[in-house]
Amino acid sequence: MADTKTPAGRAVHPAVGSSSGPLNRRRTRKQVRATAGSGRMAALLVSPTLLVLTIVVLYPTLMALNESLYGAKGLDPKTGFISDTEPFVGLRNYADILGQAGERFWNAFWNTTFFTVVTVALETLIGVAMALIMHKAFRGRGLVRAGILVPWAVPTAISGLLWRWIFNSDGIANALIGHQVLWTTEGFHAKVAVIVAEVWKTAPFIGLLVLAGLQVIPKEVYEAARIDGASAPRQFWHITLPLVKPALLVAMLFRCMDALRMFDLPYILIGAQKHSVETLSMLAQHEASNVRFGPASAYSVLLFLYVFLIALTFVRLLGADLIGDVGADTRKRKGRRLRIPAPRRKEVTA
Amino acid sequence: MKTRITRAFQCSAVLAAAGLLLSACGSSGDDGSGQTGATSFEGRGPITFVAGKDTTGTLQPLLDRWNKLHPKEKVTFIQLPTDADAQRQQMIQNAETKSDAYTVLYLDVVWTSEFAAHRWIDQLPEKQFPLDKMLKPVVETAKYRDGLYAAPSTSDGGMLYYRTDLLKKAGITQPPATWAEMKSACAKVKKLPEAKDMSCYAGQFQKYEGLTVNFSEAVNSAGGTVTDANGKPDVDTAEAKKGLDFLVDSVKDGTIPKEGITYQEEDSRQAFQSGKLVFLRNWPYVYSLAGKSEIAGKYAVAPLPGLNGPGSSSLGGHNLALSSFAKNKATAVDFMKFYTSEESANYFLKEAALAPPYTALYDDQALVKQYPYLPVLKESILRAVPRPRVVQYGDVTAAIQQEAYAALNGSKSSAQALKNLQKDLQQKYAAQ
Numbered sequence: 001m002a003d004t005k006t007p008a009g010r011a012v013h014p015a016v017g018s019s020s021g022p023l024n025r026r027r028t029r030k031q032v033r034a035t036a037g038s039g040r041m042a043a044l045l046v047s048p049t050l051l052v053l054t055i056v057v058l059y060p061t062l063m064a065l066n067e068s069l070y071g072a073k074g075l076d077p078k079t080g081f082i083s084d085t086e087p088f089v090g091l092r093n094y095a096d097i098l099g100q101a102g103e104r105f106w107n108a109f110w111n112t113t114f115f116t117v118v119t120v121a122l123e124t125l126i127g128v129a130m131a132l133i134m135h136k137a138f139r140g141r142g143l144v145r146a147g148i149l150v151p152w153a154v155p156t157a158i159s160g161l162l163w164r165w166i167f168n169s170d171g172i173a174n175a176l177i178g179h180q181v182l183w184t185t186e187g188f189h190a191k192v193a194v195i196v197a198e199v200w201k202t203a204p205f206i207g208l209l210v211l212a213g214l215q216v217i218p219k220e221v222y223e224a225a226r227i228d229g230a231s232a233p234r235q236f237w238h239i240t241l242p243l244v245k246p247a248l249l250v251a252m253l254f255r256c257m258d259a260l261r262m263f264d265l266p267y268i269l270i271g272a273q274k275h276s277v278e279t280l281s282m283l284a285q286h287e288a289s290n291v292r293f294g295p296a297s298a299y300s301v302l303l304f305l306y307v308f309l310i311a312l313t314f315v316r317l318l319g320a321d322l323i324g325d326v327g328a329d330t331r332k333r334k335g336r337r338l339r340i341p342a343p344r345r346k347e348v349t350a
Numbered sequence: 001m002k003t004r005i006t007r008a009f010q011c012s013a014v015l016a017a018a019g020l021l022l023s024a025c026g027s028s029g030d031d032g033s034g035q036t037g038a039t040s041f042e043g044r045g046p047i048t049f050v051a052g053k054d055t056t057g058t059l060q061p062l063l064d065r066w067n068k069l070h071p072k073e074k075v076t077f078i079q080l081p082t083d084a085d086a087q088r089q090q091m092i093q094n095a096e097t098k099s100d101a102y103t104v105l106y107l108d109v110v111w112t113s114e115f116a117a118h119r120w121i122d123q124l125p126e127k128q129f130p131l132d133k134m135l136k137p138v139v140e141t142a143k144y145r146d147g148l149y150a151a152p153s154t155s156d157g158g159m160l161y162y163r164t165d166l167l168k169k170a171g172i173t174q175p176p177a178t179w180a181e182m183k184s185a186c187a188k189v190k191k192l193p194e195a196k197d198m199s200c201y202a203g204q205f206q207k208y209e210g211l212t213v214n215f216s217e218a219v220n221s222a223g224g225t226v227t228d229a230n231g232k233p234d235v236d237t238a239e240a241k242k243g244l245d246f247l248v249d250s251v252k253d254g255t256i257p258k259e260g261i262t263y264q265e266e267d268s269r270q271a272f273q274s275g276k277l278v279f280l281r282n283w284p285y286v287y288s289l290a291g292k293s294e295i296a297g298k299y300a301v302a303p304l305p306g307l308n309g310p311g312s313s314s315l316g317g318h319n320l321a322l323s324s325f326a327k328n329k330a331t332a333v334d335f336m337k338f339y340t341s342e343e344s345a346n347y348f349l350k351e352a353a354l355a356p357p358y359t360a361l362y363d364d365q366a367l368v369k370q371y372p373y374l375p376v377l378k379e380s381i382l383r384a385v386p387r388p389r390v391v392q393y394g395d396v397t398a399a400i401q402q403e404a405y406a407a408l409n410g411s412k413s414s415a416q417a418l419k420n421l422q423k424d425l426q427q428k429y430a431a432q
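Protein chains in written order, with full-length UniProt numbering: chain A, 1 to 350; chain B, 1 to 432.
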């Protein structure tokens, strides 16, 4: 298993390949050469992908970085016309964002963070519950599954409009709680409205991924646990959760990324420039729509760094395994190999 | 361990990069293809007309008529989304890439200054358009720094809708001309048993463009100004405060229902139609819709009330502008003349109820019979003050919404809000 993996690892990351050399001293020179050859082949094969990624990811990223160093075009007071060129301002856009517009920036920053933490936490809880329900065999399961997935299929903009009706001053939400709350005005209630709509829409996403994770857990594990008399909560805690963790972490990571970039839901549901729900993406959009691409890029770059940091922390701390088996180091590989039998052994010996 | 870090780094890099795509479409460094004010309009051939979705179904027949008359200079309709912001964004993108795909643009009146200052649209020969036959405030919306940059096509003004049945029952014969009269009329109406749970008045006070319209109207109707003709702000005045105070006090004392600060055009129309309001400030489009509701035959329109007499409306509507980067500009100018002619305006009024820029049409008896509100609308437009005509309109309207909304929901006093607004607008004016 170990031998078949290394070439694959090299193929995708040729640069990393050399560090795994000492692991296999037994390997003959011939084998190494063959691997190098297939490495070149693999590099050739992935090069179209890399090229496309360079064009659609790397180039725009660098362009945005560059653009963020330019200011807005100025108005010539004599002619009344906007100048043709954008002045180079260095890091002033960033200084302005953190200084002059600092209050707005940090407000948006905390809103973004707050939304991410709260929605992802709620979505995880509800999503896992949904997955457990969808996974159970019962009559009408197909209907329940379809029902749970519907919100995820609704485009965010449409669900924003939908919830705006619900949260209207004389909408269903107010009728249900029997008390008039003006949800779309400034205040904490606006945040609540966004969170409810967001969780409604995206909990099924986590549910779906977790369901996929649940379906690969072998039945024998549960059978063994039942024979040993493990209670349902115990089974969930010691079998389901550890085994579904990789899928769950990937789902949560995706949701975090998405939530950090949240734009359309607060924009449509509550409205533009409402401080209670303004997110970093909305600030970037506001600048861009007023033809100030420099500051807009600066906001985007800051958001990019933030998302990047969160992603990095996520991957490092929680070990969310995004690219599967590729280039895994020995310790991790060992862990993975043991992972499936481990709970069974534990339960059996218990 | 090293590989692990690299991997983690790679994972997160790929994910995060996706987030940056958001704003990568900016452009920098134009080469300055110096377009100046007086352009010669040359070239004949096919052109395009760019506007939002035509919901009235009246546009294509008009274009067909032009195409029949000018088989070699056909006009193609490029349909943009219904949402005004999306239209503006696409037009700007077209201009930033200097594309000749768009020829004639259907511009919202508040975009004129911005498009003209960026030289995205050409200055037009004033003499070729019958401006003297048009209502003056409408023509003003098409100008930037005394130059004509667009041809007025349609207009729009706010009107006061009121419940004739209730006013009559309460013994009021005339619609109110001032805010005080409106409030006292309300007090009388509310003594009627059927009006016990009604609110008095509403406009559009959600934090969006409609708030800018309503705030400007209140300030102008009290004799104040938001910005002068050159975009210089002067809003921290006693008059402006009286205007804003009218709105703020009305929200406080319940003249405006408390959900009024969530109303956009449609919400306020629904509230009026379902009998929740005695008075409503809205656009002419409400007139025919309300005729199909439960209050049919029980309402009429009047000019907007003000502090000491009739108030002033903001102006809506659209103008035609010529993209600087277009080809076949001679054809384009001819088409604009055709599209904005009195004949076309008459057609649009008859078929689509779009308010014309031409004075004469408002006095046409046949049209007045079809649209009984026309005389009121004419008065409203004649007394109207355009919304701030500034290059950075997006920033100005954002600042207005910010401060006006804070005053309306009570988080700032109106004096403080106006003071902050003046400071904000001054800063933007100075930065220009």
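Source of the hints: derived by calculation from the structure; they are not laboratory data.
Think of the CB as a built atom: it goes at the ideal place given N, C-alpha and C, for glycine as much as any other residue.
Treat the hints with care, since some could be wrong.
What the hints assert, rightly or not - Under the rule of at most 30 Å between Cα atoms (straight-line distance), these lysine-lysine pairs were calculated in the DSSO-like manner:
1. B:196 x B:258
2. B:72 x B:190
3. B:298 x B:258
4. B:350 x B:298
5. B:53 x A:78
6. B:252 x B:327
7. B:350 x B:169
8. B:68 x B:53
9. A:78 x B:72
10. A:78 x B:196
11. B:188 x B:133
12. B:191 x B:169
13. B:136 x B:72
14. B:168 x B:68
15. A:78 x B:242
16. A:136 x A:245
17. A:191 x B:252
18. B:412 x A:191
19. B:133 x B:98
20. A:78 x B:276
21. B:168 x B:258
22. B:252 x B:242
23. B:196 x B:242
24. B:127 x B:327
25. B:258 x B:232
26. B:53 x A:191
27. A:191 x B:419
28. A:78 x B:292
29. B:242 x B:183
30. B:127 x A:78
31. B:53 x B:327
32. B:276 x B:292
33. A:191 x B:298
34. A:78 x B:369
35. A:245 x A:219
To be verified - To be clear about the criterion: a stretch of chain A counts as covered by chain B if any three or more of its residues have a C-beta under 8 Å from a C-beta of chain B, and this derived list gives those stretches:
36. 77-89
37. 140-151
38. 227-240
A quick look at each hint next to the structure:
Taking the CA atoms of residue 196 (chain B) and residue 258 (chain B), the gap is near 16 Å; set against the 30 Å cutoff, the hint holds. A hinted pair counts as satisfied when its Cα atoms are at most 30 Å apart, and residue 72 (chain B) with residue 190 (chain B) does not qualify at roughly 64 Å. The straight-line distance between the Cα atoms of residue 298 (chain B) and residue 258 (chain B) is roughly 25 Å, inside the 30 Å bound, and the hint therefore holds. Between the alpha carbons of residue 350 (chain B) and residue 298 (chain B) the distance comes to roughly 24 Å, so the proposed pair stays at or under 30 Å and holds.
A threshold of 30 Å between alpha carbons decides the hint, and for residue 53 (chain B) with residue 78 (chain A) the separation of about 38 Å lies outside it, so the pair is violated. The suggested pairing of residue 252 (chain B) with residue 327 (chain B) is violated, with an alpha-carbon distance near 56 Å, which exceeds 30 Å. Between the alpha carbons of residue 350 (chain B) and residue 169 (chain B) the distance comes to roughly 34 Å, so the proposed pair goes past 30 Å and is violated. Restraint check for residue 68 (chain B) and residue 53 (chain B): satisfied, since their Cα atoms lie roughly 23 Å apart, inside the 30 Å limit.
For the proposed pair residue 78 (chain A) and residue 72 (chain B), the alpha carbon gap of about 41 Å is over 30 Å, so the pair is violated. A distance of roughly 59 Å separates the Cα atoms of residue 78 (chain A) and residue 196 (chain B); the hinted pair therefore is violated under the 30 Å criterion. Restraint check: the Cα-Cα separation between residue 188 (chain B) and residue 133 (chain B) comes to about 43 Å, which exceeds 30 Å; the hinted pair is violated. Using a Cα cut-off of 30 Å, the hinted pair residue 191 (chain B) and residue 169 (chain B) holds, with the two alpha carbons roughly 10 Å apart.
Proposed proximity of residue 136 (chain B) and residue 72 (chain B) is contradicted: the alpha carbons are some 35 Å apart, above 30 Å. Under the criterion of a C-alpha separation no larger than 30 Å, the hint pairing residue 168 (chain B) with residue 68 (chain B) is inconsistent with the structure, at around 53 Å. Pair hint residue 78 (chain A) plus residue 242 (chain B) does not hold up; C-alpha atoms about 35 Å apart against a cutoff of 30 Å. This hinted pair checks out: residue 136 (chain A) and residue 245 (chain A) have alpha carbons roughly 19 Å apart, not beyond 30 Å.
Of the supplied pair hints, the one linking residue 191 (chain A) and residue 252 (chain B) holds, its CA atoms being roughly 24 Å apart against a limit of 30 Å. Restraint check for residue 412 (chain B) and residue 191 (chain A): the C-alpha separation of about 21 Å stays at or below 30 Å, so the hint holds. Distance check on the hinted pair: residue 133 (chain B) and residue 98 (chain B) sit about 34 Å apart at the alpha-carbon level, beyond 30 Å; violated. Under the criterion of a C-alpha separation no larger than 30 Å, the hint pairing residue 78 (chain A) with residue 276 (chain B) is inconsistent with the structure, at around 52 Å.
This hinted pair checks out: residue 168 (chain B) and residue 258 (chain B) have alpha carbons roughly 26 Å apart, not beyond 30 Å. A distance of roughly 15 Å separates the Cα atoms of residue 252 (chain B) and residue 242 (chain B); the hinted pair therefore holds under the 30 Å criterion. With a C-alpha separation of about 28 Å, the suggested pairing of residue 196 (chain B) with residue 242 (chain B) holds against the 30 Å cut-off. A threshold of 30 Å between alpha carbons decides the hint, and for residue 127 (chain B) with residue 327 (chain B) the separation of about 22 Å falls inside it, so the pair holds.
The hinted pair formed by residue 258 (chain B) and residue 232 (chain B) fails the criterion: a straight-line CA distance of about 33 Å is larger than 30 Å. A distance of roughly 33 Å separates the Cα atoms of residue 53 (chain B) and residue 191 (chain A); the hinted pair therefore is violated under the 30 Å criterion. A distance of roughly 29 Å separates the Cα atoms of residue 191 (chain A) and residue 419 (chain B); the hinted pair therefore holds under the 30 Å criterion. At roughly 53 Å between alpha-carbon atoms, residue 78 (chain A) and residue 292 (chain B) are farther apart than 30 Å, so this suggested pair is violated.
In summary, the hint linking residue 242 (chain B) to residue 183 (chain B) is supported, as the alpha carbons are separated by about 15 Å, within the 30 Å threshold. For the hint linking residue 127 (chain B) to residue 78 (chain A), the alpha-carbon distance of about 25 Å falls within 30 Å, and the restraint holds. Taking the CA atoms of residue 53 (chain B) and residue 327 (chain B), the gap is near 23 Å; set against the 30 Å cutoff, the hint holds. With a CA separation close to 17 Å, the supplied pair residue 276 (chain B) and residue 292 (chain B) stays within the 30 Å bound.
About 40 Å separates the Cα atoms of residue 191 (chain A) and residue 298 (chain B), which puts this hinted pair outside 30 Å; it is violated. Taking the CA atoms of residue 78 (chain A) and residue 369 (chain B), the gap is near 49 Å; set against the 30 Å cutoff, the hint is violated. With a C-alpha separation of about 17 Å, the suggested pairing of residue 245 (chain A) with residue 219 (chain A) holds against the 30 Å cut-off. Remark: the segment 77-89 of chain A is confirmed as covered by chain B, as 7 of its residues place a Cβ nearer than 8 Å to a Cβ of that chain, reaching the required three.
Counting residues of the segment 140-151 of chain A whose CB lies closer than 8 Å to any CB of chain B gives 0, so the stated coverage by that chain is violated, three being the minimum. Judged by the Cβ-Cβ criterion of 8 Å, the segment 227-240 of chain A is not covered by chain B as claimed, because only 0 of its residues qualify and three are needed.
Violation of the numbered hints given earlier is confined to hints 2, 5, 6, 7, 9, 10, 11, 13, 14, 15, 19, 20, 25, 26, 28, 33, 34, 37, 38; the remaining hints are satisfied by the structure.
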